[in-house]
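Peer 1: Could you put the whole structure together from the sequences, leaning on the hints where they help?
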Amino acid sequence: MTTAPPADRTTTVAARATELSKIYGQGETQVVALDRVSVAFRQAEFTAIMGPSGSGKSTLMHCVAGLDTFSSGSVRIGETELGSLKDKQLTRLRRDKIGFIFQAFNLLPTLSALENITLPMDIAGRKPDKEWLDSVIRMVGLADRLSHRPSQLSGGQQQRVAVARALASRPEIIFGDEPTGNLDSRSGAEVLGFLRNSVRELGQTVVMVTHDPVAAAYADRVVFLADGRIVDEVYGPTADSVLDRMKRFDARGRTS
Amino acid sequence: MFRTALRNVSAHKARLLMTVLAVMLGVAFVSGTLVFTNTLSAALQKQSAKGFDHVDVSVTPDWQEAEGDKVGEPRELTRALVDDSARVPGAERAIGVVTGFTALAGKDGKLIGSGFQSQGGNYWGDEDPRYPLTEGRAPRGEGEILIDSETAERAGYRVGDTVRMSVDGPVLEPEITGVFTTDDGNVAAGGSLTLFDTTTAQKLFGKAGTFDEIAVKAKDGVGESALRAQLDEALPADVVQTTTGTRLADDQAEAIASSMSGLKQGLLVFAGIALFVGTFIIANTFTMLVAQRTKELALMRAVGASRRQVTRSVLIEAFVVGAVAAVAGLAAGVGIGVGLRSLMGTLDAPMPDGPLVISPGTVASAFAVGIVVTMLAAWLPGRRAAKIPPVAAMSALHAQATTKSLVLRNTLGALFSAAGVAVVLAATTMSGSDGQAPMGIGAVLLIIGVFILTPLLSRPLIAAAAPVLRVFGVSGKLARQNSLRNPRRTAATASALMIGLTLITGMTVAAGSLQKSIDKMAAESIEADYVVSMANGNALSPDVAKTLQGADGVTATSPMRNAVSRIDGETEYLTGVTGSAINELTEFEMKSGAFQVGGARVAVDDGTAKARGWKTGSVFTVAYEDGEKQRLTVSGVYLANEMISGIMIDTATLAPHESEPSDMMVMVKTADGASDAVKESLEKALGSNPGIRVQDKQDLSNQIAQMFTVVLNMVYGLLAMAVIVAVLGVINTLAMSVFERAQEIGMLRAIGLDRKGIKRMVRLESLVISLFGGVLGIGLGVFFGWAVGELMGTTMATYELVLPWARMGVFLLLAGLVGVLAALWPARRAARLNMLQAIKAE
Numbered sequence: 001m002t003t004a005p006p007a008d009r010t011t012t013v014a015a016r017a018t019e020l021s022k023i024y025g026q027g028e029t030q031v032v033a034l035d036r037v038s039v040a041f042r043q044a045e046f047t048a049i050m051g052p053s054g055s056g057k058s059t060l061m062h063c064v065a066g067l068d069t070f071s072s073g074s075v076r077i078g079e080t081e082l083g084s085l086k087d088k089q090l091t092r093l094r095r096d097k098i099g100f101i102f103q104a105f106n107l108l109p110t111l112s113a114l115e116n117i118t119l120p121m122d123i124a125g126r127k128p129d130k131e132w133l134d135s136v137i138r139m140v141g142l143a144d145r146l147s148h149r150p151s152q153l154s155g156g157q158q159q160r161v162a163v164a165r166a167l168a169s170r171p172e173i174i175f176g177d178e179p180t181g182n183l184d185s186r187s188g189a190e191v192l193g194f195l196r197n198s199v200r201e202l203g204q205t206v207v208m209v210t211h212d213p214v215a216a217a218y219a220d221r222v223v224f225l226a227d228g229r230i231v232d233e234v235y236g237p238t239a240d241s242v243l244d245r246m247k248r249f250d251a252r253g254r255t256s
Numbered sequence: 001m002f003r004t005a006l007r008n009v010s011a012h013k014a015r016l017l018m019t020v021l022a023v024m025l026g027v028a029f030v031s032g033t034l035v036f037t038n039t040l041s042a043a044l045q046k047q048s049a050k051g052f053d054h055v056d057v058s059v060t061p062d063w064q065e066a067e068g069d070k071v072g073e074p075r076e077l078t079r080a081l082v083d084d085s086a087r088v089p090g091a092e093r094a095i096g097v098v099t100g101f102t103a104l105a106g107k108d109g110k111l112i113g114s115g116f117q118s119q120g121g122n123y124w125g126d127e128d129p130r131y132p133l134t135e136g137r138a139p140r141g142e143g144e145i146l147i148d149s150e151t152a153e154r155a156g157y158r159v160g161d162t163v164r165m166s167v168d169g170p171v172l173e174p175e176i177t178g179v180f181t182t183d184d185g186n187v188a189a190g191g192s193l194t195l196f197d198t199t200t201a202q203k204l205f206g207k208a209g210t211f212d213e214i215a216v217k218a219k220d221g222v223g224e225s226a227l228r229a230q231l232d233e234a235l236p237a238d239v240v241q242t243t244t245g246t247r248l249a250d251d252q253a254e255a256i257a258s259s260m261s262g263l264k265q266g267l268l269v270f271a272g273i274a275l276f277v278g279t280f281i282i283a284n285t286f287t288m289l290v291a292q293r294t295k296e297l298a299l300m301r302a303v304g305a306s307r308r309q310v311t312r313s314v315l316i317e318a319f320v321v322g323a324v325a326a327v328a329g330l331a332a333g334v335g336i337g338v339g340l341r342s343l344m345g346t347l348d349a350p351m352p353d354g355p356l357v358i359s360p361g362t363v364a365s366a367f368a369v370g371i372v373v374t375m376l377a378a379w380l381p382g383r384r385a386a387k388i389p390p391v392a393a394m395s396a397l398h399a400q401a402t403t404k405s406l407v408l409r410n411t412l413g414a415l416f417s418a419a420g421v422a423v424v425l426a427a428t429t430m431s432g433s434d435g436q437a438p439m440g441i442g443a444v445l446l447i448i449g450v451f452i453l454t455p456l457l458s459r460p461l462i463a464a465a466a467p468v469l470r471v472f473g474v475s476g477k478l479a480r481q482n483s484l485r486n487p488r489r490t491a492a493t494a495s496a497l498m499i500g501l502t503l504i505t506g507m508t509v510a511a512g513s514l515q516k517s518i519d520k521m522a523a524e525s526i527e528a529d530y531v532v533s534m535a536n537g538n539a540l541s542p543d544v545a546k547t548l549q550g551a552d553g554v555t556a557t558s559p560m561r562n563a564v565s566r567i568d569g570e571t572e573y574l575t576g577v578t579g580s581a582i583n584e585l586t587e588f589e590m591k592s593g594a595f596q597v598g599g600a601r602v603a604v605d606d607g608t609a610k611a612r613g614w615k616t617g618s619v620f621t622v623a624y625e626d627g628e629k630q631r632l633t634v635s636g637v638y639l640a641n642e643m644i645s646g647i648m649i650d651t652a653t654l655a656p657h658e659s660e661p662s663d664m665m666v667m668v669k670t671a672d673g674a675s676d677a678v679k680e681s682l683e684k685a686l687g688s689n690p691g692i693r694v695q696d697k698q699d700l701s702n703q704i705a706q707m708f709t710v711v712l713n714m715v716y717g718l719l720a721m722a723v724i725v726a727v728l729g730v731i732n733t734l735a736m737s738v739f740e741r742a743q744e745i746g747m748l749r750a751i752g753l754d755r756k757g758i759k760r761m762v763r764l765e766s767l768v769i770s771l772f773g774g775v776l777g778i779g780l781g782v783f784f785g786w787a788v789g790e791l792m793g794t795t796m797a798t799y800e801l802v803l804p805w806a807r808m809g810v811f812l813l814l815a816g817l818v819g820v821l822a823a824l825w826p827a828r829r830a831a832r833l834n835m836l837q838a839i840k841a842e
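As given, the protein sequences belong to chains A and B, one line each in that order. Okay, so the first sequence: first residue is 1 according to UniProt numbering, each after it adds one. Okay, so the second sequence: first residue is 1 according to UniProt numbering, each after it adds one.
Think of the hints as simulated: they come from the structure by calculation, not from any bench. Just so you know, not all the hints are guaranteed correct.
Partial list, computed: chain A residues near chain B (C-beta under 8 Å) [as the list claims (entries may be wrong)]:
| id | residue |
| --- | --- |
| 1 | 68 |
| 2 | 214 |
| 3 | 248 |
Derived lysine to aspartate or glutamate pairs resembling DMTMM-like cross-links, with alpha carbons at most 20 Å apart [as the list claims (entries may be wrong)]:
| id | chain 1 | residue 1 | chain 2 | residue 2 |
| --- | --- | --- | --- | --- |
| 4 | B | 756 | A | 68 |
| 5 | A | 88 | B | 572 |
| 6 | B | 756 | A | 96 |
| 7 | A | 97 | B | 740 |
| 8 | B | 759 | A | 122 |
| 9 | B | 477 | A | 68 |
| 10 | B | 756 | A | 122 |
| 11 | B | 629 | B | 572 |
Positions of the beta carbon are idealized from the N, C-alpha and C atoms, including for glycine.
Peer 2: As structure tokens, then:
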């Protein structure tokens, strides 16, 4: 049921994995987490990566985002090939070109909301773009919570801070690892709404790993992984269509 | 439950290691202090101890009381009395004892030992039971001596060698005819013992035909008191006093104990502080441990463990950890004690020598601290653990550090500190010795108060470092905030360093100020280039003054001659000086009149003048040693100091009345001023006598300062220990923090902080904590140093506070170094953290 990408989309690629493999262990105990995966994430597109547990979806994201090393193949962020980068260059790449949103929020408890948001720029020693920062903060609705510490914020608010942190430095691409996993459905919907808006209105590129069909429905495109391979792709998903596709995994899992 | 607790101990090896290390530190701190102090006091004790094996009853001369215009003097112990003593039925033998200062030169011509331990005595007959000969034979006549075996070994002398030595007069060059062994404490402490035949000893020590003491040994089966009764009967009661050997030993033990009580108290205070800090380190660690295990403990509660069981499991764990750590800590403490001693040895610091002492008390307190304190310290966190609701097991959230209010703690700390400051300030207004006890109490209160207040103080003090930390960008900012995150932990970590530096800075400030005031005193009142005296402070032979007067390049000399007299029916010591030269050699501020000494005119110090009600122009009558009387006139009243005071009279006036002039020192002014060449020529003029010291002003104040140096060296030793403990404590805290913040560190790495940045963050946190402890400690130390100085200033006119900025700078650097060193491993560990695992956690 692969559908073609809409024709009016730009074809500039923000990140691309080619023949990407990740193998743990050796010999008998060898586990193939990613098996020659090729996938491209186009600019200003919101992609969800789905698949059953152990399908390699998180590993794919970690490899593409420069958090983890891979065994073979290539990964490019923009024009940069990751495979040849040293730790220091990778760190710099993550700092300048990539934004992250984690399931466990991962805010620094000692910093205020605003300080958490500007943390990547602080690390880089750059001054944040005031106008852009204001618009990001306005978008996530945190204007009156900026001086609060994470412990004074609800889970949803904390994740909004995390979203703002990812957006604030205008990265080329944002990766989210189950960003709504720890949130109730209303807060989750808010966060997903912000991510979709950032793609639609600001032209941001977002890649998100999730197991929630409702969350995946916010994306422009869903990539399905199973056993370390891309098995399917859906453009313009709905919760139902994603759920149907997921059920087929289960069925196949049971019958095979 | 016991099994669960044991499993817990063994299941988390890294965590266990940390905890054991923390407890071990506490134990090592305490037992190291105890080993060090016990060893030191045993050595000091030994130094002043003397054997009484050969004395059952000691006969000493009675003192002829001064009466009217007649000065007091000791009765004479004659040979006849020795023979009488030997003849009493219960006596096995009686030995006449003569002792005195005897300077022995080493092969380099310099004095062996420090002077105070350079002893001489008589060898009784052909075989003196007190001094068993290992080689050679008894000395006969003036040209022969015996020396003790330790000195022989140290100086490389053998039987048949000729040595240079001196008692108070000319240099003698006798031959060594034998070597003996002795348990004499002075010898053990690095001094020497030289023996002559009895007649020679009596002659050299100026006691012709008399003895200082008769040591009587009882026959088998005769008790000390029985012998004493017989002696009392046989000897003239108005001439001698008798004392039993047991009594002498008891008196001596008491004297030693009282002279050491101050030192011992000081050292015990330090051990107490060590215990206090150790307890906090341990409690701190267990609090962290329980906080980390919240989930695990909650799970146990959820599956049905009772609160008591949870508490007990924590306590059992504490017991096991405590026992293991106590053993390791004791070993480490002994190691620290030994290391300190050898460190002091290599630094050439004057420390008494002696065997290592590990007392049962040390072992007991090691285990008490290790086990009891660990269990006590674990009890509160254990109770807290029991209160963890079972739901916490289900919660995905990390255990938050306890942010229990500090209100109670701050109030308590403020009360202690305020009381401490008040008592210390009150003590500074008291005079001299009255203020000592309050000062000590106030200091302890203040240290405890500041210790309790450290968490509160950490905020403003660390905030003050913010501008510096900002230079390091985000790493600096995060380091500052991390160090403030758990003020209790930061405080407990910094306090080991704080207390060490408080002591050391206080002592350094006080000693430095004292030194300065003594320098000033010497510089202000002494105009002489050199002061010549005996190495042990005894009187010089009058020949010395004569020799110096005639020496090349000498322009003025004057002795400081001690002459006993009676004034208004009271004994008074006059100071005989050369009236014509004294004004070139000393310079005193005059209260009134002029400093004129000559004929019947004398200068009097302000203290004596006040006590006697004299003013310039007052006339008084003095009765000299020989009973002759003279009327003297006060020419002026001068302001005295600790070096020179008294009634100054011309030696020419004094001379006809004196039998044996005793010159305590001779002041010398030379044409060329003080220089090494001049000093050498003076020494040569005196026959390079090993017993005579030629000192310039700096030597003089250094000599006085030496007693502080010993104390200061001991405190520096304790500081070294505080530094070791501080390093390990900081490592422990940082490692725990890194472990707890693994997720944050992973996130920081993910969003772009490189390994260097992470390392820098941990290092700066360590530096901030250490410098915090350092600043607090140095601050407190300066306060104490100032307060002690104020107290001393009341009795010392020239006292002036000197802040040793350079040393304080070194201490602060040391604190910084502690921080950098301690962070090495935790920083590496943090930078190497697996970022993926860290952010995936939970």
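Peer 1: All the hints need checking, so say for each whether the structure fits it.
Peer 2: Right, here's what the structure says about each hint:
For residue 68 of chain A, the shortest C-beta to C-beta distance to chain B is roughly 6 Å, which falls under 8 Å, so the interface hint holds. Taking 8 Å as the C-beta cut-off, the interface hint given for residue 214 of chain A is violated, the closest approach to chain B being about 21 Å. Proximity of residue 248 of chain A to chain B is violated relative to the hint, the smallest CB-CB distance being about 28 Å (cut-off 8 Å). At roughly 19 Å between alpha-carbon atoms, residue 756 of chain B and residue 68 of chain A fall within 20 Å of each other, so this suggested pair holds.
Under the criterion of a C-alpha separation no larger than 20 Å, the hint pairing residue 88 of chain A with residue 572 of chain B is inconsistent with the structure, at around 85 Å. Distance check on the hinted pair: residue 756 of chain B and residue 96 of chain A sit about 17 Å apart at the alpha-carbon level, within 20 Å; holds. With a CA separation close to 29 Å, the supplied pair residue 97 of chain A and residue 740 of chain B exceeds the 20 Å bound. Distance check on the hinted pair: residue 759 of chain B and residue 122 of chain A sit about 17 Å apart at the alpha-carbon level, within 20 Å; holds.
Using a Cα cut-off of 20 Å, the hinted pair residue 477 of chain B and residue 68 of chain A is violated, with the two alpha carbons roughly 28 Å apart. Among the hinted pairs, residue 756 of chain B with residue 122 of chain A is consistent with the structure: their alpha-carbon atoms are about 15 Å apart, no more than 20 Å. Between the alpha carbons of residue 629 of chain B and residue 572 of chain B the distance comes to roughly 14 Å, so the proposed pair stays at or under 20 Å and holds.
Hints 2, 3, 5, 7 and 9 from the earlier list are contradicted by this structure; the remaining hints agree with it.
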